[in-house]
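Peer 1: Model the full structure from these sequences, guided by the hints.
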Amino acid sequence: MPEDAKSPTPPGGQPHAAVPAKPAGPAPIPWDSPTVARLKSQYGSGVQEAVTYLGQNYFVLDASITAEALRILCDEEQFDYCVDITATHNPSREKQFELIWILYSFARNERIRVKTNIADGDSFPSSVSIWPTANWLEREVFDMFGIKFDGHPDMKRILLPDGWKGHPLRKDYGIIQQDQEWVQINLGIESGQ
Amino acid sequence: MLDYITSYLSSNTTPGQAGNVFWALVYIMIVFGGVSVAVMAMNWLERKALAHFQIRLGPMRVGPHGLLQPIADAIKLLTKEDIVPAEADKFVFWIAPLIILCASFTVYIVIPFGPTHAITDLNIGILFMLGVSSLSVLGVVMAGWASNSHYPLIGALRSSAQMVSYEVAMGMAVVSAILMTSLNKTGTGTLSMIGIVQAQQSQQMWFLFKFFPLGFIAFGIFAIAMVAETNRAPFDLPEAESELTAGFHTEYSGLRWSLFMLGEYAAMIAVSSIAVTLWVGGWMRPFPNWLAGETWDLVFSLIPGFLFLGLALIAFIGVVRMPKHPYFRIQTIGLAGFGAVLALIGLVLFVPPVRDRIQDIFWFVAKVAVFMYLYIWYRATFPRYRFDQLMRVGWKVLLPVGIGVLILTAIMGVLV
Amino acid sequence: MGDQITKDPASFISHLELDQPDKTFLDSNELIINMGPQHPATHGVLRVILKLDGEKVLGTECVIGYLHRGVEKIAEHRTYTMFNPYVDRMDYVAAVSNGLGYCEAVEKLLNVQAPPRANYIRVILTELNRLASHQLWLGTHALDIGAMTPLFYTFRDREEILKIFEKYCGARLTTHAFRIGGCLYETYDGFEQDVKKFIDFAPPKIDEYEELLTTNRIWLERTKGVGKISASDCIALGVTGPVLRASGVKWDLRKAQPYAAYSEFDFEIPIGTSGDTYDRYLVRMEEMRQSLRIIRQAVERIPEGPIMAKVPKVIKPPVGEIYHSIEAPKGELGYFIVSDGSTQPYRIRVRPPSFVNLQALDLMVRGQLVADVIAVIGTLDIVLGEVDR
Numbered sequence: 001m002p003e004d005a006k007s008p009t010p011p012g013g014q015p016h017a018a019v020p021a022k023p024a025g026p027a028p029i030p031w032d033s034p035t036v037a038r039l040k041s042q043y044g045s046g047v048q049e050a051v052t053y054l055g056q057n058y059f060v061l062d063a064s065i066t067a068e069a070l071r072i073l074c075d076e077e078q079f080d081y082c083v084d085i086t087a088t089h090n091p092s093r094e095k096q097f098e099l100i101w102i103l104y105s106f107a108r109n110e111r112i113r114v115k116t117n118i119a120d121g122d123s124f125p126s127s128v129s130i131w132p133t134a135n136w137l138e139r140e141v142f143d144m145f146g147i148k149f150d151g152h153p154d155m156k157r158i159l160l161p162d163g164w165k166g167h168p169l170r171k172d173y174g175i176i177q178q179d180q181e182w183v184q185i186n187l188g189i190e191s192g193q
Numbered sequence: 194m195l196d197y198i199t200s201y202l203s204s205n206t207t208p209g210q211a212g213n214v215f216w217a218l219v220y221i222m223i224v225f226g227g228v229s230v231a232v233m234a235m236n237w238l239e240r241k242a243l244a245h246f247q248i249r250l251g252p253m254r255v256g257p258h259g260l261l262q263p264i265a266d267a268i269k270l271l272t273k274e275d276i277v278p279a280e281a282d283k284f285v286f287w288i289a290p291l292i293i294l295c296a297s298f299t300v301y302i303v304i305p306f307g308p309t310h311a312i313t314d315l316n317i318g319i320l321f322m323l324g325v326s327s328l329s330v331l332g333v334v335m336a337g338w339a340s341n342s343h344y345p346l347i348g349a350l351r352s353s354a355q356m357v358s359y360e361v362a363m364g365m366a367v368v369s370a371i372l373m374t375s376l377n378k379t380g381t382g383t384l385s386m387i388g389i390v391q392a393q394q395s396q397q398m399w400f401l402f403k404f405f406p407l408g409f410i411a412f413g414i415f416a417i418a419m420v421a422e423t424n425r426a427p428f429d430l431p432e433a434e435s436e437l438t439a440g441f442h443t444e445y446s447g448l449r450w451s452l453f454m455l456g457e458y459a460a461m462i463a464v465s466s467i468a469v470t471l472w473v474g475g476w477m478r479p480f481p482n483w484l485a486g487e488t489w490d491l492v493f494s495l496i497p498g499f500l501f502l503g504l505a506l507i508a509f510i511g512v513v514r515m516p517k518h519p520y521f522r523i524q525t526i527g528l529a530g531f532g533a534v535l536a537l538i539g540l541v542l543f544v545p546p547v548r549d550r551i552q553d554i555f556w557f558v559a560k561v562a563v564f565m566y567l568y569i570w571y572r573a574t575f576p577r578y579r580f581d582q583l584m585r586v587g588w589k590v591l592l593p594v595g596i597g598v599l600i601l602t603a604i605m606g607v608l609v
Numbered sequence: 610m611g612d613q614i615t616k617d618p619a620s621f622i623s624h625l626e627l628d629q630p631d632k633t634f635l636d637s638n639e640l641i642i643n644m645g646p647q648h649p650a651t652h653g654v655l656r657v658i659l660k661l662d663g664e665k666v667l668g669t670e671c672v673i674g675y676l677h678r679g680v681e682k683i684a685e686h687r688t689y690t691m692f693n694p695y696v697d698r699m700d701y702v703a704a705v706s707n708g709l710g711y712c713e714a715v716e717k718l719l720n721v722q723a724p725p726r727a728n729y730i731r732v733i734l735t736e737l738n739r740l741a742s743h744q745l746w747l748g749t750h751a752l753d754i755g756a757m758t759p760l761f762y763t764f765r766d767r768e769e770i771l772k773i774f775e776k777y778c779g780a781r782l783t784t785h786a787f788r789i790g791g792c793l794y795e796t797y798d799g800f801e802q803d804v805k806k807f808i809d810f811a812p813p814k815i816d817e818y819e820e821l822l823t824t825n826r827i828w829l830e831r832t833k834g835v836g837k838i839s840a841s842d843c844i845a846l847g848v849t850g851p852v853l854r855a856s857g858v859k860w861d862l863r864k865a866q867p868y869a870a871y872s873e874f875d876f877e878i879p880i881g882t883s884g885d886t887y888d889r890y891l892v893r894m895e896e897m898r899q900s901l902r903i904i905r906q907a908v909e910r911i912p913e914g915p916i917m918a919k920v921p922k923v924i925k926p927p928v929g930e931i932y933h934s935i936e937a938p939k940g941e942l943g944y945f946i947v948s949d950g951s952t953q954p955y956r957i958r959v960r961p962p963s964f965v966n967l968q969a970l971d972l973m974v975r976g977q978l979v980a981d982v983i984a985v986i987g988t989l990d991i992v993l994g995e996v997d998r
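Chains as they are written, first to last, in the numbering used here: chain H, 1 to 193; chain E, 194 to 609; chain S, 610 to 998.
FYI, nobody ran anything at the bench for these hints, they're computed from the structure. Take these hints with a grain of salt, some might be off.
[What the hints assert, rightly or not] Within a straight-line C-alpha distance of at most 30 Å, the following computed BS3-like cross-link-like pairs (lysine-lysine) qualify:
| no. | chain 1 | residue 1 | chain 2 | residue 2 |
| --- | --- | --- | --- | --- |
| 1 | S | Lys833 | S | Lys660 |
| 2 | E | Lys589 | E | Lys241 |
| 3 | S | Lys665 | H | Lys156 |
| 4 | H | Lys148 | S | Lys682 |
| 5 | S | Lys922 | H | Lys171 |
[Claimed, not checked] Using C-beta positions, here's what the derived DEER-type ranges look like:
| no. | chain 1 | residue 1 | chain 2 | residue 2 | range |
| --- | --- | --- | --- | --- | --- |
| 6 | H | Pro28 | S | Gln722 | 47 to 57 Å |
| 7 | E | Asn341 | H | Ile185 | 42 to 52 Å |
| 8 | S | Lys665 | E | Leu567 | 31 to 41 Å |
| 9 | S | Tyr701 | E | Phe225 | 44 to 54 Å |
| 10 | H | Leu187 | E | Pro516 | 14 to 24 Å |
| 11 | E | Val513 | S | Glu913 | 44 to 54 Å |
| 12 | H | Pro34 | S | Glu873 | 28 to 38 Å |
| 13 | E | Ile248 | S | Lys665 | 31 to 41 Å |
| 14 | E | Tyr520 | S | Arg765 | 21 to 31 Å |
| 15 | S | Glu873 | H | Arg108 | 23 to 33 Å |
Ideal placement from N, C-alpha and C gives every residue a C-beta, glycine not left out.
Peer 2: Structure follows, in structure tokens:
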């Protein structure tokens with residue numbers, strides 16, 4: 001494998017000169033900026049991490065303060081364009097779901113990510129009142145992960161049919177699994193497989 | 194009996210005026226047959242011309258260069274299942290296309306193919322034409338109603354609103370032209386179709402060029418209004434596929450649908466005939482006064498023959514360019530036969546007795562054919578008007594301009 | 610649509626009250642009409658439920674998901690290289706852009722740079738694809754509005770681009786042109802000649818389309834003032850791409866956050882003023898010409914060199930995550946990739962421009978007529994493969 005740092009010693013011969021160790025890959029470095037400072041001063045330990053990795057900045061915030069922090073970011077820090085809202089499921093962690101907002105500021109030409117962790121079954125306040133684009137984006141997060149957003153005007157599935165059971169992007173949903181009951185009722189066939 | 198038949202031949206009026214039922218029937222057969230052939234040819238031309246506008250070929254397989262395509266389409270439509278919607282009103286559903294068809298075809302009894310070549314010459318000819326062609330609106334509404342489904346109903350109501358609006362504008366333009374017929378010594382005009390063309394002949398000017406640009410504007414109004422009247426592009430929102438309301442003929446299939454199409458094409462030919470009669474000089478050859486005299490008459494009378502020989506030449510060039518493969522043998526033979534028929538017709542048209550009689554009919558049909566081509570050209574080029582814009586054009590643009598032209602024509606007529 | 614956006618979420622949704630069986634067609638003034646998944650003008654399987662008052666649209670609701678194939682779930686069970694062909698099939702009209710975004714995102718994650726020659730080849734193919742995508746958009750949009758002929762003209766001219774793609778990578782539509790680390794295929798013999806021939810062939814054709822439509826009275830009436838959206842509404846709704854630019858915001862990711870050699874080219878970003886359909890049409894026509902400009906500059910100075918960076922055979926990015934977005938023909942196409950150190954991505958999220966742009970449909974057609982709904986769907990330039998993934 002090319003990653004191997006050392007070449008094997010040839011049989012019966014002198015060992016090669018040691019191949020220099022592979023340079024360390026990119027590592028997350030702490031991120032300092034007026035935005036970070038402002039949020040830290042406001043929320044203190046609510047800002048769990050503020051990191052730059054591969055040139056991209058992100059915060060990890062505590063779930064309780066994230067809704068407010070998003071509003072501050074939009075209204076006062078000029079992050080008026082919500083690029084994406086998505087989630088990740090990590091069953092091995094205690095707080096299984098990680099919600100991610102990707103925000104962009106036209107004025108500053110700067111893109112940041114805001115992340116927070118919530119537990120299975122928790123709901124989260126909706127960002128629709130901050131960015132109207134969150135409407136469909138949060139519906140998709142609900143559809144794929146089952147995370148409900150409070151205050152969303154239209155919390156229902158978007159990509160999957162309305163009566164579908166299960167949330168596919170969770171790690172415990174098999175890749176070829178389907179809601180057989182829905183298929184049988186609505187398509188009239190035994191199985192979709 | 195034989196006297197009855199031959200007595201007409203020596204008269205120089207139309208059968209209707211002469212009161213000769215036999216010849217009237219013969220003329221009706223000829224016109225009916227001619228219009229049917231024209232509709233089939235128009236179908237073929239539309240598909241081919243539209244395709245060539247869109248850099249593709251159009252029908253090529255069914256008969257050489259798709260010449261038998263209309264026949265194939267007719268057979269297909271005849272053999273299709275006749276679906277009648279379950280909750281539809283059966284009688285109305287059946288009669289709606291017939292009304293449209295009758296309205297469109299009845300108009301042909303006054304269309305003048307020549308000074309005596311018409312089935313009859315009512316002295317209110319133009320009024321009769323406008324009135325009877327309006328009856329097709331009734332058929333459209335009946336078709337939409339009988340389908341018992343709200344999309345066709347909305348489409349039918351839109352279609353009928355459009356047709357009615359543009360009839361008003363058409364009327365204004367027509368009245369301008371009628372006014373021009375009264376610009377003679379006695380100061381009386383005429384509503385008869387043959388009389389209108391004879392007025393143009395005596396005034397030695399096509400009404401298109403009369404009081405330029407008034408005649409031209411009136412013609413323009415009529416030309417736009419007639420496209421809207423027949424629900425053709427760019428005024429075909431009620432029957433467009435990509436719009437929501439699918440048009441009054443959605444629920445019709447097979448033969449009934451083909452009756453709608455027949456009625457539509459017949460109406461197109463009918464309104465084009467009105468335009469030709471009123472403004473473009475009817476059956477007169479180009480430049481009857483400027484290039485007058487025996488020799489010029491002879492030259493112009495040779496044109497039909499040359500035209501058909503030219504078409505035969507195109508057919509033979511097509512024969513030469515056919516692929517030399519056994520599969521194409523029948524098509525090559527067919528096209529050669531078609532070319533031979535065209536050449537034969539051309540040669541026949543050189544024979545003096547035929548030549549003289551065919552003149553008027555030929556020029557009339559040629560002018561109507563130009564209008565038919567324009568219809569296809571519009572369809573290929575223009576996007577569609579939205580319905581409210583369509584109505585706005587009819588009421589707020591064409592009608593005021595039409596009234597203005599009418600008033601100005603009257604003023605000019607008094608002054609000049 | 611005024612310039613002040615309301616943050617009230619309810620104003621961006623119209624509740625359609627679909628579950629009222631007692632109201633019949635003739636009872637109320639409002640009519641609920643379904644523009645079903647099968648429709649000639651919905652550019653794919655899109656269902657739009659309209660609430661009408663006569664001809665006026667009171668509100669719409671889009672039902673999507675008919676083309677949902679679970680691409681993000683599939684990604685978690687494929688390796689990075691194996692996922693590359695899946696990416697083309699999302700926005701199948703502009704497959705090369707999708708591939709570019711994905712390959713660049715993974716390259717960022719691996720912290721490698723594609724060599725300059727690869728970047729130039731990527732730019733040339735991506736801009737050709739932008740041109741092809743806009744040509745397809747123009748043809749279908751004109752067809753919806755009723756002009757049948759531009760469709761055939763644009764598809765004929767698009768053939769030349771697809772021929773270049775076929776000669777380059779073997780496929781016309783789902784090209785899979787790029788690999789992680791650069792390009793797999795070297796440019797074929799005659800690539801530069803073909804591209805140069807195309808650059809000379811295309812501008813008169815674009816002029817032909819403009820001649821048919823730009824000053825056509827009926828086109829102007831159908832598109833001016835239709836589907837207006839203000840700049841602040843666009844930003845609030847996350848709309849990007851030509852829609853945003855036609856509303857007056859001069860923002861293009863190729864200039865704001867350049868990627869893949871775009872910083873070396875000189876081109877302009879067309880913007881519109883009033884944010885209506887006509888401005889979007891003009892913006893896209895001008896973008897076609899600017900794409901030709903970029904291609905001309907690129908093909909004249911393609912550097913020599915390798916086309917593939919040193920990327921390990923088995924791609925195992927270190928633990929971390931990345932978000933990378935590019936300016937696809939439809940808007941901002943983004944890839945958010947979370948890696949857990951193994952050969953299979955832990956999560957790939959595709960931020961589709963068409964999905965977010967389609968949200969704006971409701972706002973854009975409210976108060977307009979039914980025939981305008983079709984024009985607006987066409988002008989948003991959505992591809993359902995991308996909306997549903």
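Peer 1: Compare the structure with each hint and give your call.
Peer 2: Status of the hints after comparison with the structure:
1. S/Lys833 - S/Lys660: Holds: S/Lys833 and S/Lys660 sit about 23 Å apart, inside 30 Å.
2. E/Lys589 - E/Lys241: violated, 36 Å
3. S/Lys665 - H/Lys156: OK: S/Lys665 and H/Lys156 at ~27 Å, within 30 Å.
4. H/Lys148 - S/Lys682: holds, 20 Å
5. S/Lys922 - H/Lys171: Holds - the C-alpha atoms of H/Lys171 and S/Lys922 are around 27 Å apart, at most 30 Å.
6. H/Pro28 - S/Gln722: 47 to 57 Å: Violated, since H/Pro28 and S/Gln722 (Cβ atoms, about 20 Å apart) do not stay within the stated range.
7. E/Asn341 - H/Ile185: 42 to 52 Å: About 31 Å separates the Cβ atoms of E/Asn341 and H/Ile185, which means 42 to 52 Å is violated.
8. S/Lys665 - E/Leu567: 31 to 41 Å: holds, 35 Å
9. S/Tyr701 - E/Phe225: 44 to 54 Å: With Cβ atoms ~53 Å apart, the hint holds.
10. H/Leu187 - E/Pro516: 14 to 24 Å: Check failed, 48 Å falls outside 14 to 24 Å.
11. E/Val513 - S/Glu913: 44 to 54 Å: 53 Å Cβ-Cβ, so the 44 to 54 Å window holds.
12. H/Pro34 - S/Glu873: 28 to 38 Å: Holds, since H/Pro34 and S/Glu873 (Cβ atoms, about 32 Å apart) stay within the stated range.
13. E/Ile248 - S/Lys665: 31 to 41 Å: holds, 39 Å
14. E/Tyr520 - S/Arg765: 21 to 31 Å: holds, 27 Å
15. S/Glu873 - H/Arg108: 23 to 33 Å: holds, 24 Å
In the structure shown, a violation is registered for the earlier hints numbered 2, 6, 7 and 10, in ascending order.
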